[in-house]
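Trainee: Keeping their order, the protein sequence lines are chains A and B. Quick note: the first sequence, position 55, residue 55 per this note's numbering, numbers continuous. Quick note: the second sequence, position 125, residue 125 per this note's numbering, numbers continuous.
These are calculated hints, taken from the structure and not from any lab test. Because the structure is a prediction, the values reported are computed rather than measured. Please note: incorrect hints may appear among the correct ones.
[Unchecked claim] Derived list of chain A stretches under chain B, where covered just means 3 residues or more per stretch with a C-beta under 8 Å from a C-beta of chain B:
hint, stretch
1, 35 to 42
2, 151 to 162
3, 181 to 195
4, 199 to 209
Positions of the beta carbon are idealized from the N, C-alpha and C atoms, including for glycine.
There are 2 protein chains.
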Amino acid sequence: MAQNIYDHPEFFAGYSQLPRQTIGLDGAPEWSAVEAMLPDLNGKHIADLGCGFGWASRWMREHSAASVLGFDLSQNMIARAKRDTADQAIEYHIADIETLDLPQSAFELVYSALTFHYIADFGRLVRMISKALTAAGDLVFTIEHPIFMAAAHPHWIIDEDGRKTWPVNGYSVEGERRTDWFAKNVVKYHRTFATTINTLIGAGFELQRVEEFAPMPAQIVRIPELREELERPMMMLVSARKAKPPE
Amino acid sequence: MAQNIYDHPEFFAGYSQLPRQTIGLDGAPEWSAVEAMLPDLNGKHIADLGCGFGWASRWMREHSAASVLGFDLSQNMIARAKRDTADQAIEYHIADIETLDLPQSAFELVYSALTFHYIADFGRLVRMISKALTAAGDLVFTIEHPIFMAAAHPHWIIDEDGRKTWPVNGYSVEGERRTDWFAKNVVKYHRTFATTINTLIGAGFELQRVEEFAPMPAQIVRIPELREELERPMMMLVSARKAKPPE
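Isolated chain A (complex conformation):
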C-alpha cells in the first residue's frame, strides 16, 4: 500500500495551505501547460487519479466532460472534495492508486496530477490504465521531474558564480527516495525519464507530447520566486495516446 502521507495531520495542515489547494488550478503555475495538453473533453468519461480536493475533476465537468471519477488515498481530501462538489456526474472514491483496478474500456481520458511519483510499480499502473482506456484514449499526467527527485539531498546549492544550482546524483539508481516535505520521511519513487517513456511505449501508448514545466516571463513578473524554476525543472508533463492494447 502506498504511504498515506496526506492524512498525516501535520502534512495535511501544511499542504492544504499551498496556493494550488486554496485557490485551485490557477494556483498551480503549470496548469496552463497542462490545459494545453488535454484533449477535447466534450462528452468524455474521465478518471482522475489522485484527485485531491477535486479541483481538476470539477474543471473538467465545467469543460463538457460527461462524467469524472476521482480517486484518492486520502480520506481528508475525498471528504473535502465531496463537500465542495455539487454535481451528480462527479463521484469521488477513497482508493490506493498502487492497487486500484479500473473497469476495462471505460474511460476516454485518464488524468493524474503529481501522484505517480508516489507509486512504486509504474509498470502495473500504466498497463492497468491502458486497459481502462477506450481505443485511442488519452493519458495525461504530471509527475515530479527525475532531475528534481534523483539526488540524496535535493535542495538548492550555489555555484561558483553565486547562481542557484540543483544537485543531481544517483540518477540511474531508481527507487525509493525519502524527503522531508511538510512531514518527515515522505516516500517517493524516482524513475529515470527513459523508464517513464519506455514503460508507456511498452504498454501500447504512443507518446504525444512531453513538457518540462518552466515559467513564462509574465508568470515570473507576477510571482518572482518562480524564476528559479528556469534553473531546473520540477515537473514533467506527459501526454500519451493508447495505440494498441497492452500485451
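Model the placement of chain B on the given structure of chain A, informed by the hints.
Mentor: Relative to chain A, chain B alone:
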C-alpha cells in the same frame, strides 16, 4: 556553419586518443545499448551523420547493410575514414550536418553518434532526416544528455556526504554552451529533453525507445571510472520511426 572543432590540431590530437577512436565501437561504453536499439540492417541503405573515422559505418556494412553514406565536417576524420575503409559500398563525404540536404526517400536508417548537440537548428535537421527516410524508416541517434549539458559550469562537485554530484542550472534556457574539452570554447547547443522529443514527434516521428546511458555492473568491474556515470547520465540514446511525412 557549425564550428569545426575536430580539425583544430590540439583538439584532434586529444580526441584521436579516446578509446572510442583508438579501438572503435568497443571503446564506447554505450555501444551495446546503441546496438540493441538498431533495427535489422539487412539490405538497408544508411546515412551516418557525423561518421568520424567510420567505425560505425564499417560495422553496419559488416552487419549486412546494403550501403552506408558517411558525412562529417572534419577533413581529418574523413581522410582517415577513407584510409581505413576498403569497401565500395561505403562512401564518405565532408559535409556540414547543419546545412546538409540528403536526397529524399533514400535511406531506411539514419544513424548519428554524438553529433546533434553541435547542431543549432535541430528542427531543420529532423525534418530533413524525415524527408530523407523511406516510409517507416528509422532514426537512431545518441546525443549529450541535457542534464550533462545544461549548467554554466558542468563539472563534478561533492555533496554533503562526499558523493560525486552533478550541478544543473539554466536547464530551461536552451541554446549555446561553451566548454573546454581538448580545446577552448567548444560550442554545443543545449536543448531540453522535451524539445528533443517534441521536435521528433512534430516532424512525424513515432518515438520507439529512449535510453539514458548507465554502465552495467560488469562494465564497472572492468572500468571502475564508469561508476560515476550512475550519478548522472552523460548520453541520451533515441530510437524513432517515421510515422508520417513532415508537414
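Trainee: Now tell me, hint by hint, if it's right for this structure.
Mentor: For each hint, the structure was consulted:
Proximity of the stretch 35 to 42 of chain A to chain B, defined as three or more residues with a beta carbon under 8 Å from a beta carbon of that chain, is not established by the 0 residues found. By the rule of at least three residues with a Cβ nearer than 8 Å to a Cβ of chain B, the coverage given for the stretch 151 to 162 of chain A holds, with 7 such residues. Residue count for the stretch 181 to 195 of chain A with a Cβ under 8 Å from a Cβ of chain B: 3. That meets the three needed, and the coverage hint holds. With a cut-off of 8 Å between beta carbons, the stretch 199 to 209 of chain A has 5 residues touching chain B; three or more are needed, and the interface restraint holds.
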